[in-house]
Amino acid sequence: MIERALELASGYGPAEITFAQGRSTRAEYEDDRLKQVGVAQGSHLGVRVIVDGRLGRASATDPREAEAVVARAVELAEFGSEVKFDFPGSAVAPQVKTYDPEVERTPKAELVAAGAEMLALVKAYNAEIKVGAGASWSVGERRLVNSSGLDLSDRGSRFTIGVGGVLVRGTDILFAGHGRDWRTKGAAPREVAARAIAKFRLAERTADVASKPMPVIFTPAGSFVLLASLLMGVNGKNVLKGDSPLAGRLGDEIAAPGFSLSDNATVDYAPASGAYDDEGTPRRKVDIITGGRLASFLYDLETASKAGAQSTGHGRGGGASNLVIAPGDTSLAELVKGTAEGLLVDSVMGLGQSNIMNGDFSVNVSLGYKIEQGEIVGRVKNTMFAGNVYDALMRVEAVGSEPEWIGSLCAPPLLVGALSVVAQK
Amino acid sequence: MRDRMQEALRGSGADYAEIRIEREEGTALSFRGAELDQIVTGSSVGGMARALVRGGWGIVTFNDLSELREKLREAAACARLVARERGELAEVSRIEQAIPAPAMERDFRGVPVAEKKRVIEQYNDLMLGLHPRIHTTHASYSDRYRQVYFANSEGSYFEDTRPDVTVALTAVARDGNLVQQGRERVGRAGGFEAAVGLEAKAEAAARRAADLLAAPPVQGGSYTVVLDPQLGGVFAHEAFGHLSEADHVYENEKLRELMTLGKRFGPNHLNIVDDGSLPGGRGTHLLDDEGVPTRKTHLVKDGILVGRLHNRETAAKMGEAVTGNARAVGWSFAPIVRMTNTYIEPGTASFEDLIRDIELGLYARDMMGGQTMMEMFTFSAAYGYMIRSGEVAELVRDVVLTGNVFQTLHNIDLIADDLAWDDGGGGCGKGGQSPLPVGLGSPHVRMREVVVGGRQ
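These protein sequences, in sequence, are chains A and B. Each residue of the first sequence is one higher than the one before, counting from 16 in this note's numbering. Each residue of the second sequence is one higher than the one before, counting from 309 in this note's numbering.
Simulated from the structure, these hints should not be mistaken for lab results. Hints are not guaranteed to be accurate.
[Unchecked claim] One-sided excerpt, in silico: chain B residues whose CB lies under 7 Å from chain A:
| id | residue |
| --- | --- |
| 1 | Leu344 |
| 2 | Ile367 |
| 3 | Ser374 |
| 4 | Glu375 |
| 5 | Arg377 |
| 6 | Ala391 |
| 7 | Leu436 |
| 8 | Phe659 |
| 9 | Val708 |
| 10 | Leu727 |
| 11 | Gly761 |
Ideal placement from N, C-alpha and C gives every residue a C-beta, glycine not left out.
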């Protein structure tokens with residue numbers, strides 16, 4: 016089927032056929048109870064063909080429609096964007112572990128039990144917390160063939176567990192939780208629950224905040240506030256179009272010297288790892304910011320060809336794989352201790368509602384804590400802070416020594432010099 | 309399809325079972341700056357088998373439509389792992405219906421791709437040419453023709469056709485490091501006619517982007533704020549509507565206490581409604597995704613909480629009537645409690661009444677986005693004007709509003725008589741299901757003491 020589709024499409028020009036299928040199983044707890052157990056099966060066929068220098072794309076869920084999908088892609092190519100690239104042939108790729116056979120052997124009952132254990136632990140800490148929890152696994156296989164002779168097959172597994180809860184006191188509603196996402200079955204429900212409980216513990220008291228500038232320590236999860244804009248900024252297409260404020264600034268100092276960021280798809284079993292990207296380009300570790308200096312943008316084939324660059328293995332669209340912020344040498348405890356008055360921010364809402372490409376943010380703290388005289392004194396409520404990511408990156412005053420994986424991000428805590436804080440009385 | 313589905317439903321071993329199968333096809337294209345960014349078509353076929361055993365749900369989703377009976381058995385096996393006590397669904401009448409597609413003056417499936425591209429390109433060119441400071445644009449079009457087939461073990465069967473067309477036009481203006489955008493969107497459950505004749509919207513988007521370059525950021529602080537109908541609609545949906553979704557509430561006693569029917573939630577003149585049966589609404593369906601007829605539900609009436617939104621399960625658990633609010637964004641998702649068309653009913657004041665006695669306030673307009681975390685909400689206006697001495701004054705940017713919904717509802721002190729609907733192409737996200745087409749409506753609304761973020 017796939018061979019036939021490639022043969023057919025290649026008659027019109029360079030072509031690529033991707034067929035992916037996967038299956039998954041999950042157990043979900045809501046409001047203290049097992050809510051559902053689910054099983055999913057899915058498939059996806061994607062066709063890209065370049066006809067007279069223009070790209071056509073089409074997709075379907077049913078591989079038996081392959082010929083019709085090729086026909087639609089060819090038809091669309093007449094109206095498609097002009098492209099200058101060809102699909103990659105075979106090339107040496109890194110050895111990266113992405114599949115653990117144990118994952119799909121996990122019985123449903125084990126997922127149910129993992130959720131139950133986390134739920135019980137959080138309830139044992141505080142029975143008033145309404146707990147949600149989940150455990151799931153998924154596996155997927157992919158075959159990618161193209162007219163340059165590439166024929167690759169790979170597969171991946173994923174195992175995810177998490178627990179969170181809501182604590183309502185009067186009109187005050189507190190959410191906190193923790194999760195772990197990995198390609199093997201490493202995570203212990205006990206540890207994940209302990210992390211969630213620690214967040215609730217810190218939030219037992221609330222603290223007042225005055226509206227004024229103050230330093231902010233971002234937890235690994237909180238650092239998304241800074242990374243969201245930065246990822247748009249280093250996206251090759253945004254750079255090419257001149258939309259990114261980082262366009263033309265390779266080699267410039269755009270962050271404090273202690274700040275280094277890389278994209279690394281070659282970490283064994285990390286959630287977004289893989290030897291090849293969606294276009295069959297081999298992946299590698301890409302340094303994005305080294306010692307505060309902008310070192311690379313992220314490119315897919317199409318954008319790289321237009322920018323006169325090479326694909327960095329970020330097909331399609333220049334999105335990141337695993338993001339890794341290099342740890343520093345100050346523990347979180349020391350960062351807190353050294354702060355006379357500030358915030359510790361774990362999660363926010365409203366990100367992306369400001370001019371995110373420009374780096375502006377103005378967000379509401381959904382889980383964050385007040386620091387006074389080197390101590391965490393309680394959770395903050397009705398508090399916003401605002402600033403600009405590119406300004407904040409230059410003012411990263413310290414990088415924590417304890418990196419942690421949050422999904423496909425591996426980050427230590429970050430201390431940023433004074434940001435504008437607004438509190439509602 | 310019907311026979312296969314009903315045949316498979318026999319003997320699943322579950323207390324209740326259903327199959328939903330969907331076929332979908334669509335085209336999407338977008339321009340970025342002067343160039344076409346992408347153009348793509350897709351088709352999908354997928355389904356879900358859902359089974360209920362003693363209050364526990366088992367769910368199997370699939371692209372492969374073979375062996376439906378086997379899929380139901382697996383769903384029932386999953387459900388048995390969850391089964392606990394007696395679980396029930398609110399009783400509803402058996403239905404049997406093939407719902408005709410909403411009127412489409414021009415079925416987009418018959419419109420040549422060349423024409424779709426040309427129409428959007430014209431809007432894009434208009435935006436690019438409007439002002440020298442327009443730096444780039446995003447102009448996108450998408451259509452989706454979704455056919456839904458539903459059968460359950462109670463003998464109900466329906467087919468529904470749900471076309472949806474959206475056009476989103478964004479102009480980005482730039483002056484040095486300062487970047488501002490103007491955005492206009494149209495979304496409709498209809499045909500290609502919704503995508504044509506939008507030249508004025510394209511110009512408005514570009515003009516606003518250029519104007520915002522010269523506007524100062526709003527000074528952070530607490531203000532009396534007047535929301536325009538688009539923002540009022542977002543507020544009704546995001547800040548309040550989600551709290552009225554019974555799945556959030558039904559097993560959580562404290563939330564249930566907060567959301568006790570009969571409790572005062574705002575001033576006497578405040579009325580908030582969800583209506584899935586509203587003719588022509590973007591969130592309108594005759595039946596929801598459990599086969600329950602949609603209807604008009606008052607959430608707040610005369611300032612009092614009087615209703616909430618249900619699926620069959622939450623209605624049974626809370627002993628309240630079904631409202632027809634079980635919706636799934638696509639075949640791979642179970643229907644969950646969602647809003648349809650949500651709006652604040654008009655009051656009697658005029659817009660002038662709202663601003664007349666405001667010494668220093670903010671007129672916040674159009675939405676950029678919104679988000680809530682139960683009591684807390686944050687939403688961004690696309691732009692705003694200061695109100696000074698009872699008059700709409702200078703344009704301001706970076707308008708982000710935040711607060712506690714319970715306090716804010718009580719602080720609504722005036723509602724205008726000018727209800728308007730946002731026909732924007734936006735959608736709602738919940739439980740990983742996004743974007744679900746919803747309708748948002750409101751008149752101008754005035755609220756006291758709203759915290760506005762900004763740099764001080």
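Hint by hint, here is what the structure shows:
Satisfaction of the interface hint for Leu344 of chain B is found here, the shortest Cβ-Cβ separation to chain A being roughly 5 Å, below the 7 Å cut-off. Below 7 Å, beta-carbon pairs count as interface contacts, and Ile367 of chain B has one with chain A at about 4 Å; its hint therefore holds. Hint status for Ser374 of chain B relative to chain A: violated, with the closest Cβ pair at about 11 Å, above 7 Å. Annotation: interface hint on Glu375 of chain B violated; nearest CB of chain A at approximately 11 Å, more than 7 Å.
Contact between Arg377 of chain B and chain A, as hinted, is not supported at the beta carbon level, the nearest pair being about 15 Å apart and thus beyond 7 Å. With a cut of 7 Å, the hint placing Ala391 of chain B at the interface with chain A is violated, because the nearest CB-to-CB distance is about 9 Å. About 13 Å separates the beta-carbon of Leu436 of chain B from the nearest beta-carbon of chain A, more than 7 Å, and the hint is not met. The restraint placing Phe659 of chain B at the interface with chain A is violated, with a minimum CB-CB distance near 25 Å, outside the 7 Å limit.
The beta carbon of Val708 of chain B comes within 4 Å of a beta carbon in chain A, closer than 7 Å, and the hint placing it at the interface holds. The criterion of a C-beta within 7 Å of any C-beta in chain A is not met by Leu727 of chain B, whose closest approach is roughly 25 Å, and the hint is violated. For the restraint placing Gly761 of chain B at the interface with chain A, the shortest Cβ-Cβ distance is roughly 4 Å, inside the 7 Å limit, so the hint holds.
Comparing the model with each numbered hint stated earlier shows that hints 3, 4, 5, 6, 7, 8 and 10 do not hold.
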